[in-house]
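Q: Below are the chains, spelled out letter by letter.
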Amino acid sequence: MHYTPRNYGSKGISLLTRESWLFLKNAFGSIFSREFIKVLLPLLVLWEIVPRLNIIPRTLIPTLSDVALAFWDLTLNKGFFLHIIYSLGKFLAGLLIAIFLAIPIGIFMGWNIPIRKHTLPLFQILAPIPPPAWVPITIIIFGIGLPMQIYLIFLGAFYPILFNTYQAIKDTDPRYLSSARVFGASELTLILRVYIWNALGAIIMSVKTGVAIALVMLVIAEMYGGRSGIGYLLVEAKDFFQIPAMVVCMLTLGLIGWFSIELLKFAELKLALWKVGR
Amino acid sequence: MIEARRISKFFSIVNKDGIAEGLTACLSVSLSIGKGEIITLLGPSGCGKSTFLEILAGLQAPTEGEVYIDGVRVLEPLPSTRNEMEEYRKKYRFLSPLANDLIRDRPKHDIAMIFQDYAVFPWMTVLQNVTFTLKLRGLAHVEREKQALIYLGKVGLASSANKYPSQLSGGMRQRLAFARALSVEPKAILMDEPFAAVDLLTRERLQDDLLNLWKSSGITIVMVTHDVAEAVYLSDEIVIFSPSPGTIRNLFRVDVPRPRRRDDPALAEIQERISRLLKYDLDNESEYSI
Ligand SMILES: Nc1ncnc2c1ncn2[C@@H]1O[C@H](COP(=O)(O)OP(=O)(O)OP(=O)(O)O)[C@@H](O)[C@H]1O
Ligand SMILES: [Mg+2]
Numbered sequence: 001m002h003y004t005p006r007n008y009g010s011k012g013i014s015l016l017t018r019e020s021w022l023f024l025k026n027a028f029g030s031i032f033s034r035e036f037i038k039v040l041l042p043l044l045v046l047w048e049i050v051p052r053l054n055i056i057p058r059t060l061i062p063t064l065s066d067v068a069l070a071f072w073d074l075t076l077n078k079g080f081f082l083h084i085i086y087s088l089g090k091f092l093a094g095l096l097i098a099i100f101l102a103i104p105i106g107i108f109m110g111w112n113i114p115i116r117k118h119t120l121p122l123f124q125i126l127a128p129i130p131p132p133a134w135v136p137i138t139i140i141i142f143g144i145g146l147p148m149q150i151y152l153i154f155l156g157a158f159y160p161i162l163f164n165t166y167q168a169i170k171d172t173d174p175r176y177l178s179s180a181r182v183f184g185a186s187e188l189t190l191i192l193r194v195y196i197w198n199a200l201g202a203i204i205m206s207v208k209t210g211v212a213i214a215l216v217m218l219v220i221a222e223m224y225g226g227r228s229g230i231g232y233l234l235v236e237a238k239d240f241f242q243i244p245a246m247v248v249c250m251l252t253l254g255l256i257g258w259f260s261i262e263l264l265k266f267a268e269l270k271l272a273l274w275k276v277g278r
Numbered sequence: 001m002i003e004a005r006r007i008s009k010f011f012s013i014v015n016k017d018g019i020a021e022g023l024t025a026c027l028s029v030s031l032s033i034g035k036g037e038i039i040t041l042l043g044p045s046g047c048g049k050s051t052f053l054e055i056l057a058g059l060q061a062p063t064e065g066e067v068y069i070d071g072v073r074v075l076e077p078l079p080s081t082r083n084e085m086e087e088y089r090k091k092y093r094f095l096s097p098l099a100n101d102l103i104r105d106r107p108k109h110d111i112a113m114i115f116q117d118y119a120v121f122p123w124m125t126v127l128q129n130v131t132f133t134l135k136l137r138g139l140a141h142v143e144r145e146k147q148a149l150i151y152l153g154k155v156g157l158a159s160s161a162n163k164y165p166s167q168l169s170g171g172m173r174q175r176l177a178f179a180r181a182l183s184v185e186p187k188a189i190l191m192d193e194p195f196a197a198v199d200l201l202t203r204e205r206l207q208d209d210l211l212n213l214w215k216s217s218g219i220t221i222v223m224v225t226h227d228v229a230e231a232v233y234l235s236d237e238i239v240i241f242s243p244s245p246g247t248i249r250n251l252f253r254v255d256v257p258r259p260r261r262r263d264d265p266a267l268a269e270i271q272e273r274i275s276r277l278l279k280y281d282l283d284n285e286s287e288y289s290i
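As you go down the protein sequences, you meet chains A and B in turn. Read in our numbering, the first sequence has 77 at position 77, and its numbers run on one by one without any break. Read in our numbering, the second sequence has 118 at position 118, and its numbers run on one by one without any break.
Be aware that a few hints might be false.
[Stated by the list, open to error] No more than 25 Å apart at the CA atoms, straight line, and that leaves these computed lysine to any residue pairs for SDA-like:
1) B/Lys215 - B/Gly156
2) B/Lys163 - A/Ala267
3) A/Lys25 - A/Leu92
4) A/Lys275 - B/Met172
5) B/Lys35 - B/Arg6
6) B/Lys135 - A/Trp111
Hints were generated in silico from the structure; no laboratory data involved.
Extracted from the complex, chain A is given alone in its bound form (with noise of 0.2 Å):
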């Protein structure tokens, strides 16, 4: 049997699209269903007709066509996806930071009694902030560039997934415990063969309720400042009564959202694949 590297390349290449494939079934197959296809075309045809029959004036409720050209408009003279892309880096590097921050600090505030009573008020006293009221210091203390706008998104995520975290690591069933630590499992062990484990359902959707924040939080920090993103977009639109961009901003950042909580749930089928039995 030989394989040379070409033939494991090539197999490499057909899982990714096997994979992929599998991903946008699951994620978005759902609009494209048969029963829903009879409740979405009805649906976009009534978009279109509406605003044209003059039910509802056509400046406040744009059609369908109107929202795809000022798709286009934007794509061709505003760099788009360009802001697309400044928003989803922004928006990954805050959540990235809070998940690699949250995660460790809620497991050892789950594990260990006396970490948690050093620690557990002072995040009691801090989250309960709404962190929009987190914009004006954050503007001061940071002006209204880049990091700003990454720690807002931070802020938004890092709470809700440290306390999931720290609750699901809490709540570890003793049993686990006790069977691993019969056997002589040191605490090092514990932590990296059972509570994760066993808390893993729970920290990924911790990690939903972040990434639903953390996309609040983009849209705040880009329309307060900065001059790019799809929130600052949604500003401009505004500032030029554009509501067909705004639409189409609108629609965008509902994509991401969506797009990411479907990412993880993904994520989560394949690495709690011992639940699939059940």
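Starting from the known structure of chain A, fit chain B with the ligands onto it as the hints suggest.
A: For chain B with the ligands alone, kept in the frame of chain A given last:
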């Protein structure tokens, strides 16, 4: 080999009115178990058998009393004076006394335990469940899988090695817990109702397997069960717990020579006496006082 000296365990629980109450799970239980003996604990539900077993294994700290395994104390006794309290607090400020070590896998005692609800890890495959415990016992990587497969074969799970526990039946999970505990070849094994979830025929087969293993390895077995016939058939000594608070009510030695026959009249007689005793306790629970 295992010696429990005046073990008591109190829990404080909050009742439905929000008032804290004391609950006595074990009261002054002393028991000495010789090397290679088979001991069963019998008693009504909720009398503290599982708690006692976990205390023997060092997985719960007793409120009072001490456990020794081969002369080594399982857990440090709780402090009684103010000074001791200070020192105890300082010593266990970061890690609870139940923890083994911060980073090094190292069992405190050479015992294994099977839990009442098996507590096999659902996120590991059958094989990984066993190799994981072998890793904790410091077995080299290459030997782990070999040894795991030997023991999985013994309980008839070799063909399910790559399944996850959620894909197994209750009885199979039971046998997995069995294989996991036996694979580390401990000096003593503590079992909490290990045969509760399997049908009668499988149960009898597993009991005989256990006896064979016991004969060939001289392992010490401490077992909780509700099945009086099983207790009588397997044990050297039967410990009867009274209804809560759990204290030792009676000790029965079963001096019938091995190998035993299940239909031996001598066994039947002991079984009859124990059943009557348990029934009496249940009937008189309210009047029973310590
Ligand atoms: N962590 C705990 N906190 C409070 N009470 C507890 C705790 N663990 C056990 N108990 C109580 O201690 C008593 C003894 O429990 P235990 O599980 O040892 O009973 P058992 O004899 O094993 O019963 P069974 O035969 O049903 O398994 C019960 O009344 C139980 O409610
Ligand atoms: Mg029990």
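Q: State for each hint whether it applies.
A: Each hint, compared with the structure:
no.	hint	result
1	B/Lys215 - B/Gly156	20 Å, holds
2	B/Lys163 - A/Ala267	21 Å, holds
3	A/Lys25 - A/Leu92	24 Å, holds
4	A/Lys275 - B/Met172	17 Å, holds
5	B/Lys35 - B/Arg6	20 Å, holds
6	B/Lys135 - A/Trp111	22 Å, holds
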